[in-house]
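Read top to bottom, the protein sequences are chains A, B and C.
With the UniProt record's numbering, the residue at position 96 of the first sequence is 96, and numbering never jumps.
With the UniProt record's numbering, the residue at position 174 of the second sequence is 174, and numbering never jumps.
With the UniProt record's numbering, the residue at position 281 of the third sequence is 281, and numbering never jumps.
I should point out that these hints are in silico values taken from the structure, not numbers from a laboratory.
Incorrect hints may appear among the rest.
Said to hold, decoys possible - When the alpha-carbon atoms are kept at most 27 Å apart in a straight line, the in silico DSS-like pairs for lysine-lysine are as follows:
hint, chain 1, residue 1, chain 2, residue 2
1, C, K318, B, K278
2, B, K75, C, K111
3, B, K438, C, K48
4, A, K158, B, K278
5, A, K146, B, K359
6, B, K394, C, K48
7, B, K412, C, K327
8, B, K394, A, K146
9, B, K359, C, K327
10, A, K21, C, K48
11, B, K75, C, K419
12, A, K158, B, K471
13, C, K48, B, K72
14, B, K438, C, K318
15, B, K75, A, K146
16, B, K72, C, K318
17, B, K110, B, K211
18, B, K483, B, K72
19, C, K48, B, K412
20, B, K471, B, K438
21, C, K318, B, K359
22, B, K483, A, K21
23, A, K158, A, K146
Unchecked claim - Covered stretches of chain B (chain A as the covering partner; in silico rule of three or more C-beta atoms under 8 Å from a C-beta of chain A):
hint, stretch
24, 171-183
25, 478-487
In this text, a Cβ means the ideal position worked out from N, Cα and C, and glycines have one as well.
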Amino acid sequence: MSQFLEISGLNARIDADGQEKQILRGVDLSIPPGEVHVIMGPNGSGKSTLSYVLAGREDYEVTAGSVLFKGQDLLAMAPEERAAAGLFLAFQSPVELPGVNNANFLRTAVNAVRRARGQEELDAVAFLKLAREAAKTLSMAPDMLKRNVNVGFSGGEKKRNEVLQMTLLQPSFAILDETDSGLDVDALRVVAEGVNRLRAPTFSALVITHHQKLLDYLVPDRIHVMARGRIILSGGPELARQIDQEGYAKFLSEAA
Amino acid sequence: MPVATETKEAVEKLGQSTYKWGFETDIEMDLAPKGLNEDIIRLISSRKEEPGWMLEWRLAAFRTWQSMEDPKWAKVSYPPIDYQDIHYYAAPRSKAGPKSLDEVDPALLKTYEKLGIPLHEQALLAGVEPGEGERLPVAVDAVFDSVSVATTFRKTLAEAGVIFCPISEAIREHPDLVRRYLGSVVPAGDNFYSALNSAVFTDGSFVYVPKGVRCPMELSTYFRINARNTGQFERTLIVVEEGASVSYLEGCTAPMRDENQLHAAVVELVAMDDASIKYSTVQNWYPGDEEGRGGIYNFVTKRGACRGARSKISWTQVETGSAITWKYPSCILQGEGSVGEFYSVAVTNNCQQADTGTKMIHLGRNTRSTIIAKTISAGRSDSTYRGLVRVQPKASGARNFTQCDSLLIGDKCGAHTVPYIECRNMAARVEHEATTSKISEDQLFYCRQRGLSEEDAVGLIVNGFCRDVLKELPMEFAVEAQKLLQISLEGSVG
Amino acid sequence: MNTISPDRSGPLALFSQRLEGVAGAERQQAVAALQRVGLPSRRVEAWKYTALRALGQTSLAAPAATYDVMAARAVLDDVLAAQDTLAGLPRLVFVNGRHAPELSVLSEAIKVTFFVDTLRFGTAAAPDRDPLVALNTALAEDGAQMQVEAGVDAGALLLLSIGLGGQDSTFSFHPRHAVVLEAGARLALLCVQAGQGAYFHNPVTDISVGNGAALEHVTLQLEGDAAVSLGTVYANVAGEGVYDSFALGVDGLLLRHEVHARLGASRAAVHVNGVQRLGATQVGDMTSVITHAAPDCISRQTVRNVLDGHARGVFQGKVLVEQIAQKTDGYQMNQALLLSPDAEIDAKPELEIYADDVRCSHGATVGALDDEQLFYLRSRGVPEAQARQMLIEAFLDETLALIAHEGAQALCRAMLARKGGVGASA
Chain A
1 MSQFLEISGL NARIDADGQE KQILRGVDLS IPPGEVHVIM GPNGSGKSTL SYVLAGREDY
61 EVTAGSVLFK GQDLLAMAPE ERAAAGLFLA FQSPVELPGV NNANFLRTAV NAVRRARGQE
121 ELDAVAFLKL AREAAKTLSM APDMLKRNVN VGFSGGEKKR NEVLQMTLLQ PSFAILDETD
181 SGLDVDALRV VAEGVNRLRA PTFSALVITH HQKLLDYLVP DRIHVMARGR IILSGGPELA
241 RQIDQEGYAK FLSEAA
Chain B
1 MPVATETKEA VEKLGQSTYK WGFETDIEMD LAPKGLNEDI IRLISSRKEE PGWMLEWRLA
61 AFRTWQSMED PKWAKVSYPP IDYQDIHYYA APRSKAGPKS LDEVDPALLK TYEKLGIPLH
121 EQALLAGVEP GEGERLPVAV DAVFDSVSVA TTFRKTLAEA GVIFCPISEA IREHPDLVRR
181 YLGSVVPAGD NFYSALNSAV FTDGSFVYVP KGVRCPMELS TYFRINARNT GQFERTLIVV
241 EEGASVSYLE GCTAPMRDEN QLHAAVVELV AMDDASIKYS TVQNWYPGDE EGRGGIYNFV
301 TKRGACRGAR SKISWTQVET GSAITWKYPS CILQGEGSVG EFYSVAVTNN CQQADTGTKM
361 IHLGRNTRST IIAKTISAGR SDSTYRGLVR VQPKASGARN FTQCDSLLIG DKCGAHTVPY
421 IECRNMAARV EHEATTSKIS EDQLFYCRQR GLSEEDAVGL IVNGFCRDVL KELPMEFAVE
481 AQKLLQISLE GSVG
Chain C
1 MNTISPDRSG PLALFSQRLE GVAGAERQQA VAALQRVGLP SRRVEAWKYT ALRALGQTSL
61 AAPAATYDVM AARAVLDDVL AAQDTLAGLP RLVFVNGRHA PELSVLSEAI KVTFFVDTLR
121 FGTAAAPDRD PLVALNTALA EDGAQMQVEA GVDAGALLLL SIGLGGQDST FSFHPRHAVV
181 LEAGARLALL CVQAGQGAYF HNPVTDISVG NGAALEHVTL QLEGDAAVSL GTVYANVAGE
241 GVYDSFALGV DGLLLRHEVH ARLGASRAAV HVNGVQRLGA TQVGDMTSVI THAAPDCISR
301 QTVRNVLDGH ARGVFQGKVL VEQIAQKTDG YQMNQALLLS PDAEIDAKPE LEIYADDVRC
361 SHGATVGALD DEQLFYLRSR GVPEAQARQM LIEAFLDETL ALIAHEGAQA LCRAMLARKG
421 GVGASA
């Protein structure tokens, strides 16, 4: 069986302040269906860049390599086409949309994706019912649906809102960029539970973190260590505990 | 990435063939010869069966106009207009004014049906939204080129004491009211276009709400320019007596044509003690094509007088159409504690130019005004907010808050903010804030990651940007306005 | 789109005799431009709020060939006494528009030539677009041209312009100054315009700030009580250069400080700040046009007005962002405190933007002293006049704190304190 997600020799760079900076330098990674993989690595190793490139952020230029998602050429697709194909990125810092009502945004997104997947669109009543239930499961305050998207949300509320979107959009592949949220244990639990609820033989996830804590709630299948734009080491869940105890230094020097 | 290029191409293909109201109605017209002189004015006046005083008023305005020059201070440019190359009167041919809807030419009814304007009273009542309760009916005055072709719900309104009729009819039927108020807010010689309008105005709406009456339904006028080489010069007068209130809506469309057409309207509002007027506009005149050919010149004078204590006038406008817009709906805040509001969204795309804003003139004590103006420029268009807040020496306790935000889409357009703040009272407080920004890449990407197309994402973000204004619109208009914003900006991303 | 109509019978007539005899191509072109458009009336948009009526009716002659040395020295001593570090600075003193070598103290770090010797007009100011610059071009007699060589930090320089007029005197002077900072050079230029009686002072200053250079330019308008002072500054700022301007309008019948700053290459910065503290029937006008003509530049503007008596304050600030000027960061704030029922503020903060990736904002507020704050202070035992004074000082404080040069900031504070008696409405 072909892999669910197949990244080969991926190179990407960004043009920052007129200077081109190579960030990804040959990433190889395969994720089979039904598995949760974790990428760990020191700051600046390219973890967040990888998530942006997979989601189609245009600031990054892919200079070599390929990404196949369920057999399709992911890199040739627009961000919204990737979303419709089932890819979901939970943002490290969710973007604020002033004046845009959260419920309206969610419904527009859900229906855009449903339309693209050939599913029937939800009317306002059906959608609200669904959204309210999902919000309740996430212990979100009911008024969060009425507020503007992420505007004035606390860190925890933003995370819950991301998970709410994930729940409603029903992705088959979720990327969770949790680089900076390591210290808020409650928020981590919300994210982990959100992923756990979606776990199924047809759902995979890629979690970016550098904290063992998240992995206590989320039992991963594989751990990958990323450094200087490449995956330098892969292993089972025990690798995460080892890193947590010994730090990255050892692995980095071995790889060098 | 190749992805981006493809999206842009797809978006560009949408082009600007999106003006859905650009069709033409084939109907037999009664057309005055081109040109403007005293004879034409006499012709208009006699066609309208006007009393002598009205003709004299028009002729005086015409003489004033002849001594004036068109204003040059706005940030818009266009070739000189040949005022002798315009038909000043165009009306669908019919034997006499229709007495009821059944007598209206079916071609006209069909036109309004196509525009989504219901002229059948019962048709409206059928529209019930699930769970939202019954939708209130809207009374419509439909103005086709130079004349009003139908006014609905007149009986229901008359029972409440509200007069809602074409102004040409009001001049004949309610001459005292019209004489008393016409030109009292916008004098004929106020500016070049108001003088022109005063000389040649053909139709428009008249609303009178007597003391203590809350108008039982929304009133609306729908303006349609159809004939070629004509100008539309409508005149609207709304008088609301003590303790009374009304909400009035105005919509406009025109066929797609290569030549420019002139629309120079005058709107006057009068609010007495504790009266309130809410005036909403969705302006969707044909904007011209992507090369800037054709489109309406929309040169409009709108002004409200808050004459009574605690009176309130609120202007809400969504301006998406017209090749050129020159428009400053204003409030004269004379009554103590009176309130003026101006909520505006102005969208320009392709080669459109807009110079629009408001004037808030604080004369009375404790008068308050709020200005929220949202400007969106795309394509090669130019959009200017121009506003005046003036506090006169007697306006102690006056208060103004102004917020102007501009959004630029693309680097070939311009967005400008020109506020004038003149304060001559120490016990007044004036605050003005303005920002200019663009839609951030972060916001666009976030929406697209959630599955929205680039166009939908822009639409959503723009609607969010305009929310403070759109929420001021009555429900029916708000939905229409949101769609309109999106359509107006189609093809602007990339 | 200003409609400029010829105004030969208006203020321009005051100069007609002097304009007839000018020599030299540049001056003659300036006269031609002036005769075409006249001096601005209020129908000209840039002069909408400021009329030149204060110039009076009688024709304005050139100043007398000699001046009262004792009186000039008294003005100089008075300025130096206001702030004790000033006496130690190098200085250039002009009296009625002409250099007074006996009162000046030169510095080696600053190369100074005089307009009277060079007749160099510079390139930044535009006589064809600005009638007052044209008037200056036609009639300029003298002025200081200051140059700082690459990489040199020239410290501070006091440029003192003294006007010595009588109560009904009718003369005018039109100094033509220039500042050139070569790459990496630094200078703090303190322009003090002081005087007595009536005169018309119309200086034009042409400034060039080189790559990475920094000019701090503080202007104090302490003119004679019946004087009209209309200064125009044109500044071109090169890449990573900084032009930091501050103007203080205090004394004079009609004051206008007009700055045209152009950010010509990336990462340049311009600050155009100011304070107007006016009373009686004074009119003060701060007008600026900041043009972002390159990407990644910053402009900042904060102007505060305190207006008493029948005074009228005018603020006109335009920020123009050209299409090329992506990543512009512009901020502009004008605030006014009205202390009297007859005071007036007219403000026109203006944004004209042709680039999409910009962050520009402006704001304006007008109001009176806060009654609650006043009451709070009085309830704590502060007498009303003093409480008002405290609140006025608080209102101006953070704007004055924007003056980087300590001596200049102290001088501005001292001159504002002298204005004194602000407690009672005049």
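For this session: Identify every previously stated hint that the structure contradicts and give their numbers, smallest first.
Result: Of the numbered hints, 1, 2, 3, 4, 5, 8, 9, 10, 11, 15, 17, 18, 19, 22, 24 and 25 do not hold.
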